[in-house]
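Participant: As a plain string of letters, each chain reads:
6 protein chains.
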Amino acid sequence: MVPRGMSNQGGITYVKTGIKGVDTILDGKGFPKGWSVLVLGAPGSGKTIFSLQFLKEGVEMGENGVYVSLDEDPERLLQNARQMGVDLAKPIKDGKIAIVDASPIRLLPAKIKLGGAEVGGKEFALATLVTSMTEAVKKTDASRLVVDPISTLILHFGQEYERRIAFLDLIAAAAKTRCTSLFLSEMNDAQLQRSHLFEEFLTQGVIVMSKILAGSTFSRVFSVEKMRGIAHDTQPHPYRIAEGGVEVFPAEQIF
Amino acid sequence: MVPRGMSNQGGITYVKTGIKGVDTILDGKGFPKGWSVLVLGAPGSGKTIFSLQFLKEGVEMGENGVYVSLDEDPERLLQNARQMGVDLAKPIKDGKIAIVDASPIRLLPAKIKLGGAEVGGKEFALATLVTSMTEAVKKTDASRLVVDPISTLILHFGQEYERRIAFLDLIAAAAKTRCTSLFLSEMNDAQLQRSHLFEEFLTQGVIVMSKILAGSTFSRVFSVEKMRGIAHDTQPHPYRIAEGGVEVFPAEQIF
Amino acid sequence: MVPRGMSNQGGITYVKTGIKGVDTILDGKGFPKGWSVLVLGAPGSGKTIFSLQFLKEGVEMGENGVYVSLDEDPERLLQNARQMGVDLAKPIKDGKIAIVDASPIRLLPAKIKLGGAEVGGKEFALATLVTSMTEAVKKTDASRLVVDPISTLILHFGQEYERRIAFLDLIAAAAKTRCTSLFLSEMNDAQLQRSHLFEEFLTQGVIVMSKILAGSTFSRVFSVEKMRGIAHDTQPHPYRIAEGGVEVFPAEQIF
Amino acid sequence: MVPRGMSNQGGITYVKTGIKGVDTILDGKGFPKGWSVLVLGAPGSGKTIFSLQFLKEGVEMGENGVYVSLDEDPERLLQNARQMGVDLAKPIKDGKIAIVDASPIRLLPAKIKLGGAEVGGKEFALATLVTSMTEAVKKTDASRLVVDPISTLILHFGQEYERRIAFLDLIAAAAKTRCTSLFLSEMNDAQLQRSHLFEEFLTQGVIVMSKILAGSTFSRVFSVEKMRGIAHDTQPHPYRIAEGGVEVFPAEQIF
Amino acid sequence: MVPRGMSNQGGITYVKTGIKGVDTILDGKGFPKGWSVLVLGAPGSGKTIFSLQFLKEGVEMGENGVYVSLDEDPERLLQNARQMGVDLAKPIKDGKIAIVDASPIRLLPAKIKLGGAEVGGKEFALATLVTSMTEAVKKTDASRLVVDPISTLILHFGQEYERRIAFLDLIAAAAKTRCTSLFLSEMNDAQLQRSHLFEEFLTQGVIVMSKILAGSTFSRVFSVEKMRGIAHDTQPHPYRIAEGGVEVFPAEQIF
Amino acid sequence: MVPRGMSNQGGITYVKTGIKGVDTILDGKGFPKGWSVLVLGAPGSGKTIFSLQFLKEGVEMGENGVYVSLDEDPERLLQNARQMGVDLAKPIKDGKIAIVDASPIRLLPAKIKLGGAEVGGKEFALATLVTSMTEAVKKTDASRLVVDPISTLILHFGQEYERRIAFLDLIAAAAKTRCTSLFLSEMNDAQLQRSHLFEEFLTQGVIVMSKILAGSTFSRVFSVEKMRGIAHDTQPHPYRIAEGGVEVFPAEQIF
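Chains as they are written, first to last, in the numbering used here: chain A, 7 to 261; chain B, 7 to 261; chain C, 7 to 261; chain D, 7 to 261; chain E, 7 to 261; chain F, 7 to 261.
Keep in mind that the hints are not guaranteed to be accurate.
It does not matter which identical chain is used: a pair holds within one copy or between any two.
Calculated pairs, SDA-like style, for lysine to any residue (alpha carbon to alpha carbon, straight line, at most 20 Å) [what the hints assert, rightly or not]: (1) LYS26 <-> ALA237; (2) LYS99 <-> GLN85; (3) LYS128 <-> PRO115; (4) LYS128 <-> LEU113; (5) LYS182 <-> GLN85; (6) LYS39 <-> GLY91; (7) LYS26 <-> ALA257; (8) LYS39 <-> ASP79; (9) LYS22 <-> PHE255.
Worth flagging that the hints you see were computed from the coordinates, not collected in a lab.
All chains should be built: construct the whole structure from the sequences, respecting the hints.
Facilitator: Below, the structure written as structure tokens:
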């Protein structure tokens, strides 16, 4: 029997996100299981709450999850989520969701001595993150993984070439865990017609949560810009952040 | 009993700013207590006077405050504020507001000798700032903190990666003081549809005070672009700087 | 007798792509045999599936093919293609299409020791790629070649001058195999009126698969921007990604 | 008794500029005494003649002045000003205005030997400028100071961080002289909606003199973009350069 | 007697290009003999075929020619040109057109040992090119010269200053051969209103072949942007690439 | 008696350019004698012919001239000018105009040995140029000076700071010769509303000769953007390049 929220077609298993409106856009199926999806968002766009909803809904469908926080103290994030009606206290207590505070990674020095050899701080940071997230997934028996955000870690690498390699390594590590993974990242551009980032070419899926100016009014806009293996809706749609978190309106146009 | 200007909901305490029109935009609640808020402003936008009003209103609600001035002689700022009807002389005399002149930090050399070791000037500047502000908060028993501006300090760090880390460290230090904190910064862009700065992704809240050109007329525009844990008004609204300082008009459209 | 899907005119042999709508745009002829064609695409534009269709159609016309994957695990790509109705399992099993997983190239260190001498990692990566693809072509007796994508490899070279040289070397190596070759690359720009990339000047053909915003709606747009030796249609046309892969509509205007 | 052209309100003393139309824009008051004001202008915008008018009007109100020329031979500037009807010959002869030719500063070598130690040329240039202007102010008993322009000196410092520090040091030195000071600088942007420069955040006031294109006609536009402590007119107004120098039309719109 | 296709006026000799529509734009005269002309083009704009037509027409007017290929195997180019009806086989066989394959220049190492001294690879590349083209001109007794393209060679020089010097040296060498010379280069910009490149200031003539978007349709546009010594038509005109090569329509507007 | 073409007002002497339409724009007066004027132009804008007209008209008014050519062989320029009806043969033969070929300056090495010391090539280039032009002025007893173009020389200096200093030194040297001087430079921008270059802030006058796109038609546009000491026409006007050289139409609007 296929577990609740999952479907299978042509050899690919799909997992529903459970987030209002999102699965409709994803052809009614959700994400292909095991895919890496980039979630790009403006400041205050709700990408963190979106990723926590993804984990919470996972638990309700029988999938455990791991949330890795890289920049911020996770306590604050959870408190904020609870405030928006996304309460993870119980699944965390039940060991169904693990929170990994990886923010101390930024305290690593530029050069690290391991035995007689010296390692670069950024390579070590990446390796540490990969180890932490892999172990947390194993321990929690998780099928969903969130890394929030990848920005600081990736920027640690100076050249675009190195950044690509670092991100490819991170994606490969996530793929090995067999989790469906969300990588959160920052979007500086504030227009629908924006330049693409290299990260968008390297993941199997790309979701954009932006705030667009029409006249003198800002509107929240959600779009699935890329999702391999799904004939998804490619158009932008409005969304809101309210009690219960993010809700997308797949039947509405943005303007 | 909840002190005046505070409210409590779902485990989060909110503190009113007391500034005309601002709390209305913040869902009638004000800032979540202990949050770090970035205040971005154009030159002459009144972000300094806004932050001084925040401290003054705090005192009237029973919250002491600390103002850290990084670029300018604070005497001038206070004189200017008094001129605009925001007089901090009494609360300063009463020890309810402490003014920290951190502008000498810019006189630090690039390399500093401490005992036998050598420390980078910028790391030392950041550490000095953290120490000064932490001690001032302790001494004043403050619940509100303003750092004005963060620009020069952050730019001291050459790479975007280092700047992010420096700002994350500063936010973490402010969070430890348990103060509700405003970090003032410069906004070079003069359009509503602007590129986002990395600082906006790292704080819990973002307020923008800009001057927008419509035809050949400039208008002052206030917007809360991000505030975690509050279903705030996301639209831009007009504001003015007049006797008594900044006043926002939440019921008006900008054009 | 000319094989199926090929034609000959003025000393040049043409090979049909077999992809719906594409040969019509190419003056009914397809690609000049042995040409190197750059395929530029936005994230999620379907350039990978397009290139796999090109190989699959080749097999049906009697031309074997080689697919070189540089960033991603090819297993995932094939699974995704199968999902879209482009199943390469049989031709792979029959030895008519070879899949080369060149993604380990990114694990190469910056400096490599060969005997007593030291070689740069990027030069070695390029040489390794050339050797792998040449051998795979020989072994498969292939006439069609896909390199997906060239982006990371090329970015490995720091200066534009070096990137040009590296790409010219790659094109020369592909030309030596006598294959008709597709080089896939990333397009960051999201407008019809975009700046040209240096790669476009170095190949004999350029195909662009983009996603253009008209009002608040995204449209998929296919255009042959350059194809030496063919009086091709130079206008943009709509396309879709559906069951069976990419399909272009040469008789329709984009808006 | 308050001297002619001065007023006092809430502890701040104001000094009228005396330039036609400008004091009206400054709430009828002029500049707060002792403030540092940045005057940004396009090439040919008349910012130099504006600053010389400021000094000449000062003398008529009993305030002596100092003009520091950094890029150009001041003889030429004075000749040009005389030509436009702004003749400083008499006040210079009477010792009421001092002209400091600081243009030799650019002849300083990159490294300077002082005794056994070596000093950077740019630090020495800044220190020399500060000494020259301070001494000239003392000797002339001046209350008004002009530095024209700051551009070359500031650009001498390579990093934005260093430039900020250098400019902050210059402003602090000017503040110590207790003069009302104008710092002239170059504005490369030719649009009303322009990016802000860091210098604008560091002075108490910002005046912009630009030339804006409307259709195929250029118009001269004057605006006070920032003036702490004054509820000034924030809108752009037309101005002209004619016999007698700059004249602003505060009652007119630019188009 | 003046040879066919040439005219003489005021001491300057003019040579007709012979390309349909082009001489009309050039005041009916063609190029001033011995001039260096920059031909800028988008990818697929037909600048190579244009330059080959220039050589072929030269032969028919009694002027031999040299074509120097820097990036590509010239065999392919000639095959492509033949396909478009520009067949150079006979004049090449007759020794009236020489083809120089200078593409191996890119294989030069960064440092070259000559005797005991070391020479930079780029300086050597430039010198090699100059020697090859000068010798080929002498041997063919050529009056027309094409260098296609200059882009990679020029980019080899890191600083704009060095690039200018390198290009000036190349132009001077071409001038010494007394040939009328075309230098082909890449144009990345895709708008009529584009920024000018430094190369345009250094040659006596500039021709632009671009592809401009009007609505959703691309049009080919030809313009002579600079031609010293000729009162040429300065407006853009449509052109096409068809059987026989490039054809310009001097009597038509682009839209 | 004031010589022909000169006038005197308020201590400043003015010299007419003699170029059709230009003196009208300059308030009927011409340039202030001894001023340094920057002439910015697009490729093919005729700035060289304009400067040669300035010298030729000077001779007719009794002022000798010096033309310094930095990038190009002056023979070609003179031939081209003659072709456009600006023939300098006689004044050159009569010793009234001197042509200085300074193009060999670009052959200077990066480091030059003078006795035991080593000098930078760029500093030497600037010093050589200053010496050549000063001597030529002395020998010709010239009152008009043209340096065409300053671009390559200035770009030789890496930092903007160094470029400013170099240009200030060049202007100072020209001022010492007491000549009215034109410095020709390249303008890459092709819009009326363009960013200003630092050179425009350092000369007493700025003339712009551009080619502006209106719809699909290019128009030649002449404007005096800055001229200290003259109440000049600040608006853009059309001009043409015809028999006799540049002619400006001060009574016409550009569109």
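Participant: Each of the hints needs a verdict: does it hold here or not?
Facilitator: Here is what the structure says about each hint:
{"no.": "1", "hint": "LYS26 <-> ALA237", "in the structure": "both (19 Å within a copy, 18 Å between copies)"}
{"no.": "2", "hint": "LYS99 <-> GLN85", "in the structure": "within (15 Å within a copy, 37 Å between copies)"}
{"no.": "3", "hint": "LYS128 <-> PRO115", "in the structure": "both (9 Å within a copy, 15 Å between copies)"}
{"no.": "4", "hint": "LYS128 <-> LEU113", "in the structure": "both (11 Å within a copy, 16 Å between copies)"}
{"no.": "5", "hint": "LYS182 <-> GLN85", "in the structure": "between (31 Å within a copy, 16 Å between copies)"}
{"no.": "6", "hint": "LYS39 <-> GLY91", "in the structure": "between (26 Å within a copy, 19 Å between copies)"}
{"no.": "7", "hint": "LYS26 <-> ALA257", "in the structure": "within (12 Å within a copy, 31 Å between copies)"}
{"no.": "8", "hint": "LYS39 <-> ASP79", "in the structure": "between (29 Å within a copy, 16 Å between copies)"}
{"no.": "9", "hint": "LYS22 <-> PHE255", "in the structure": "within (16 Å within a copy, 33 Å between copies)"}
In this structure, every one of the numbered hints holds.
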